[in-house]
Amino acid sequence: MKALTLISAFVGGAIVGCGAALLFTPEKGEDVRSRICKLLKRKGIKISDSEVDALVAELAGVEA
260 MKALTLISAF VGGAIVGCGA ALLFTPEKGE DVRSRICKLL KRKGIKISDS EVDALVAELA
320 GVEA
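Take the sequence shown: its position 23, counted from the start at 1, is 282 in our numbering, and no numbers get skipped.
Hints listed in this document are in silico derivations from the structure and should not be mistaken for laboratory results.
Please read all numbers here as calculations on a predicted model, not as lab measurements.
Be careful, since some hints might not be right.
The calculated lysine to aspartate or glutamate pairs, modelled on EDC-like cross-linking and capped at a C-alpha distance of 16 Å, are [unchecked claim]:
| no. | residue 1 | residue 2 |
| --- | --- | --- |
| 1 | Lys300 | Glu286 |
| 2 | Lys297 | Asp308 |
| 3 | Lys287 | Asp312 |
| 4 | Lys300 | Glu310 |
| 5 | Lys297 | Glu310 |
Label pairs and their calculated CB-CB ranges [stated by the list, open to error]:
| no. | residue 1 | residue 2 | range |
| --- | --- | --- | --- |
| 6 | Ala319 | Ala279 | 16 to 26 Å |
| 7 | Leu263 | Arg292 | 37 to 47 Å |
| 8 | Gly278 | Glu310 | 24 to 34 Å |
For each residue, glycine too, the CB sits at the ideal point set by N, CA and C.
Please take these sequences and the hints and turn them into a complete structure.
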């Protein structure tokens, strides 16, 4: 294996690992709800805090 290919594989793996770490890092529930609200509002969907709580509970498989 050429040195450049080996380095490229290492850098690619590091990037994928960092992305996975960011995706699976636990966040506070309040932060997640806030991010969901902002995302939905940007998409033009109006939703209340109680509806976001119910949505999060449903996605988590917990009864609200």
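| field | Hints violated by the structure (listed by number, smallest first) | value | 1
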